[in-house]
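S.K.: Take a look at the letters that make up each chain.
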Amino acid sequence: MEDDVLLKIKGVSKEFPGVKALYNVDLTIKKGMVHALVGENGAGKSTLIKILAGVYKRDAGEIIFEGHPVIIHSPADSLSLGIKVVFQELALIPHMTVAENVFLESFPLKKNKAIDWETMSKKTAEILLSIGLSISPKDMIYKLTVSQQQMVEIARALSHEAKLIVMDEPTSALTPKEIKFLFDVIRKLKTLDIGILYVTHKLEEVFELCDKVTVLRDGKLISSNNIKETNTDEVVKDMVGRSIKTLFPRTHAGKGKVVLSVENLSTEKKLKDVTLKVHAGEVFGIFGLLGAGRTELAKAIFGLDTITGGKILIDGQELKVGSTSHSTKMGLGFLTEDRKEEGLVLQMSVAQNITLPSIREFSSFGVIKRKLEAKRSNEFVQKLRIKTPSLRQKVMFLSGGNQQKVLLARWLMKKLKVIILDEPTRGIDVGAKAEIHRLIDELAKAGLAVIVMTSEMPELLGVSDHIVVMSNGRITGEFEKSSATQESILAAAIA
Amino acid sequence: MEQKIETNRINIFRRIFGVSEFGLLVSLVVIFAFFSISSKYFFTVRNISNILGQISLPLIAAVGFSILLISGEVDISIGSLQAVVALPLLVIMNASGSFLLGAFAALLLGATVGIINGLLVTKLKINSLITTLGMYYTLRGTVYLITKKVAIADDSGSEIFFLIGNGKLYHFLPYSSILMFIILLLFIYIMKSTTYGRRIYAVGGNAEVARVMGINVEKIKFSAFILCSTLASLSAILLASRLGSANHLAGQGFEFQVVAAVILGGVSLSGGIGTLLGAFIGVFIIGIIQNGLGMMNVYTMWQLVITGSIIIMAVAIDELKKRHE
Numbered sequence: 024m025e026d027d028v029l030l031k032i033k034g035v036s037k038e039f040p041g042v043k044a045l046y047n048v049d050l051t052i053k054k055g056m057v058h059a060l061v062g063e064n065g066a067g068k069s070t071l072i073k074i075l076a077g078v079y080k081r082d083a084g085e086i087i088f089e090g091h092p093v094i095i096h097s098p099a100d101s102l103s104l105g106i107k108v109v110f111q112e113l114a115l116i117p118h119m120t121v122a123e124n125v126f127l128e129s130f131p132l133k134k135n136k137a138i139d140w141e142t143m144s145k146k147t148a149e150i151l152l153s154i155g156l157s158i159s160p161k162d163m164i165y166k167l168t169v170s171q172q173q174m175v176e177i178a179r180a181l182s183h184e185a186k187l188i189v190m191d192e193p194t195s196a197l198t199p200k201e202i203k204f205l206f207d208v209i210r211k212l213k214t215l216d217i218g219i220l221y222v223t224h225k226l227e228e229v230f231e232l233c234d235k236v237t238v239l240r241d242g243k244l245i246s247s248n249n250i251k252e253t254n255t256d257e258v259v260k261d262m263v264g265r266s267i268k269t270l271f272p273r274t275h276a277g278k279g280k281v282v283l284s285v286e287n288l289s290t291e292k293k294l295k296d297v298t299l300k301v302h303a304g305e306v307f308g309i310f311g312l313l314g315a316g317r318t319e320l321a322k323a324i325f326g327l328d329t330i331t332g333g334k335i336l337i338d339g340q341e342l343k344v345g346s347t348s349h350s351t352k353m354g355l356g357f358l359t360e361d362r363k364e365e366g367l368v369l370q371m372s373v374a375q376n377i378t379l380p381s382i383r384e385f386s387s388f389g390v391i392k393r394k395l396e397a398k399r400s401n402e403f404v405q406k407l408r409i410k411t412p413s414l415r416q417k418v419m420f421l422s423g424g425n426q427q428k429v430l431l432a433r434w435l436m437k438k439l440k441v442i443i444l445d446e447p448t449r450g451i452d453v454g455a456k457a458e459i460h461r462l463i464d465e466l467a468k469a470g471l472a473v474i475v476m477t478s479e480m481p482e483l484l485g486v487s488d489h490i491v492v493m494s495n496g497r498i499t500g501e502f503e504k505s506s507a508t509q510e511s512i513l514a515a516a517i518a
Numbered sequence: 006m007e008q009k010i011e012t013n014r015i016n017i018f019r020r021i022f023g024v025s026e027f028g029l030l031v032s033l034v035v036i037f038a039f040f041s042i043s044s045k046y047f048f049t050v051r052n053i054s055n056i057l058g059q060i061s062l063p064l065i066a067a068v069g070f071s072i073l074l075i076s077g078e079v080d081i082s083i084g085s086l087q088a089v090v091a092l093p094l095l096v097i098m099n100a101s102g103s104f105l106l107g108a109f110a111a112l113l114l115g116a117t118v119g120i121i122n123g124l125l126v127t128k129l130k131i132n133s134l135i136t137t138l139g140m141y142y143t144l145r146g147t148v149y150l151i152t153k154k155v156a157i158a159d160d161s162g163s164e165i166f167f168l169i170g171n172g173k174l175y176h177f178l179p180y181s182s183i184l185m186f187i188i189l190l191l192f193i194y195i196m197k198s199t200t201y202g203r204r205i206y207a208v209g210g211n212a213e214v215a216r217v218m219g220i221n222v223e224k225i226k227f228s229a230f231i232l233c234s235t236l237a238s239l240s241a242i243l244l245a246s247r248l249g250s251a252n253h254l255a256g257q258g259f260e261f262q263v264v265a266a267v268i269l270g271g272v273s274l275s276g277g278i279g280t281l282l283g284a285f286i287g288v289f290i291i292g293i294i295q296n297g298l299g300m301m302n303v304y305t306m307w308q309l310v311i312t313g314s315i316i317i318m319a320v321a322i323d324e325l326k327k328r329h330e
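Chains as they are written, first to last, in my numbering: chain R, 24 to 518; chain F, 6 to 330.
Treat the hints as calculated values from the structure; they're not laboratory data. Zero decoy hints are in this set.
Pulled a few chain R residues facing chain F out of the computed Cβ check, cut under 10 Å:
#	residue
1	Ser348
2	His349
3	Ser350
4	Glu365
5	Gln370
6	Asn376
7	Phe385
8	Gly389
9	Ile391
10	Arg433
Heads up, the beta-carbon is just placed ideally off N, CA and C, and yes, glycines get one too.
Could you put the whole structure together from the sequences, leaning on the hints where they help?
M.R.: Right, dumping it as structure tokens:
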């Protein structure tokens with residue numbers, strides 16, 4: 024049976040200054056198997072795959088690949104062994120063609136050492152065909168969808184005759200249809216005897232796709248089971264070290280008057296005739312698949328996108344079109360989906376990030392009262408249990424969950440009337456998720472109108488009082504919590 | 006449970022060693038010591054006074070330039086601007102005999118150029134490097150056209166005009182350096198303790214976030230362009246005073262001298278990072294290197310090579326240090 028073993032990791036450890044990222048971890052991956060690697064943020068998943076990718080060097084332990092002990096010094100070593108890691112941030116060159124990207128590391132050459140474009144095109148076409156992807160080798164990368172780009176990375180792996188493909192959160196930016204396609208491709212890869220290490224947060228995917236599941240927590244191996252011999256509850260328990268009965272403690276709060284009303288809103292890009300009424304003290308869930316127009320709606324309400332029709336009122340007063348400073352002044356806050364690009368100023372400190380929109384309140388005649396600023400931000404750091412060594416810590420060094428809490432603290436401090444949260448728990452581990460949900464509940468209890476935009480059904484159903492479904496820039500369904508079912512919501516979402 | 010986190014009170018040692026400019030400060034001291042030992046003319050009252058006078062020009066411009074860099078934009082037209090604003094200064098001063106009137110005209114012209122740069126970048130969304138590269142040629146060409154490559158000499162007899170660039174308090178402290186320190190301290194305070202300073206950092210650190218925070222990104226950048234041009238014009242007045250004329254060659258290469266110094270001082274070309282204290286130390290280091298090499302009678306061309314090498318080395322060391330962290 025040892026013949027099927029593709030990769031064996033024995034007692035691998037890795038330490039960073041002050042943190043034991045991995046401690047004595049074992050892992051065995053077999054050929055033609057999909058092996059899930061799960062764990063909360065900071066559990067050591069990334070460290071492990073970066074060791075396999077040759078980005079980090081291990082401190083101790085052994086890696087045995089196809090029966091031989093190997094040392095991976097660099098990404099090139101990893102690649103030449105036949106290990107291909109598809110990271111979340113895809114490593115493609117946007118202004119090159121599909122074929123050029125697929126053969127980037129080793130272009131096929133003619134006798135005179137010139138690039139053999141014909142062979143390259145032909146081979147790329149073959150590989151694309153084998154995974155059922157209908158794009159041309161001559162297409163430019165930047166014109167492709169995220170899903171197609173991901174497939175190009177997989178095609179690249181195949182061009183190298185990779186034996187092990189590691190996928191890091193591959194579905195985080197995909198639509199359900201694209202996910203299904205990805206799964207079909209993965210199943211094809213299995214038949215080619217390729218081993219797959221599938222790193223994810225989403226347990227549904229693990230149980231749908233994978234053959235084995237390994238759980239890491241705090242850098243240690245907790246469990247490794249065949250999928251048939253375990254279940255979701257057990258895996259969650261292993262991940263968090265405790266069992267979470269109710270992920271979403273939404274305590275009931277009374278509904279107040281209408282605070283935000285959106286009337287017949289349309290934008291050039293996406294939105295068509297959107298009308299909403301959001302009440303104080305209410306968690307207003309907006310569901311939609313990728314491309315449904317959720318983020319566009321949020322941006323249009325907040326004044327980041329120009330609108331072509333309709334109006335937005337807060338407490339009966341109309342918002343100035345396209346002015347974010349007016350929106351914030353009126354008590355509207357927006358927590359963007361993309362924390363790093365649109366949420367945080369990474370080089371700034373925790374305190375500076377928290378007080379960014381409310382800095383006026385800490386200053387007189389434009390001069391900041393820094394002691395007061397420190398005191399108030401400290402209150403929120405305590406209240407939200409943000410883990411940081413200091414208020415002066417640059418926010419880039421915080422974990423994803425804590426970064427998200429910094430963003431929430433920012434808007435909590437601002438004393439808002441309406442807050443829009445776009446995918447508030449994306450890329451956040453299970454424990455921090457529950458805390459974010461607790462905060463959402465608190466916000467609503469404090470009388471805010473909270474709009475939660477999400478593509479995760481359990482989150483939507485758990486957290487919202489009122490649900491609106493979007494599809495293609497329109498509102499296609501509206502439900503009270505009591506009447507909403509997964510089926511009815513999904514039906515509206517694909518309408 | 007209260008978790009313990011540091012707020013404002015940090016012990017004095019960590020405060021000194023923790024400052025990001027600490028490494029730079031050490032380099033400054035080492036270089037200073039080196040020249041003091043190597044040349045008997047270097048560490049003299051007269052030479053220190055000279056250095057202070059020499060660095061006040063680039064430093065005043067570096068303050069505005071750093072603020073613009075931190076906001077995420079750049080202006081390489083400041084050298085040409087120096088030559089241009091000296092024209093109204095000298096012409097008006099010669100005609101009216103009033104330094105203040107001339108200086109006002111010079112600053113006004115400088116601010117106007119800043120407004121044009123700012124509008125082109127924030128309204129038309131042209132890349133600031135391209136915009137100001139265009140301005141760099143346009144302004145220099147204008148000076149050639151107007152002066153026909155003949156310097157306009159000062160015959161106003163204004164004493165203030167002479168003193169502002171050449172005079173010294175108690176025969177030691179140049180008036181220009183007093184102006185420099187006032188401007189430096191004022192803007193260090195603004196950048197550190199005012200909402201405007203905080204906004205400059207936010208806009209340069211991540212313009213999208215700043216927008217979501219309700220900050221008017223274009224307005225902030227626009228103001229930084231005006232600040233940069235105006236301060237560059239102020240240093241142009243000092244230069245004109247030192248030269249005693251408006252010279253068509255004035256300020257050539259000045260923009261790169263300032264870029265090099267502030268980058269050395271830790272201000273990032275990509276925006277959002279850096280301090281004016283760092284920029285000051287950067288200008289100071291380059292100032293004493295150039296002065297010190299002169300005192301050691303190093304051949305001028307070698308001075309250029311050595312200065313350039315030191316800049317590359319310093320930035321490389323800084324980069325390595327960052328990677329180590």
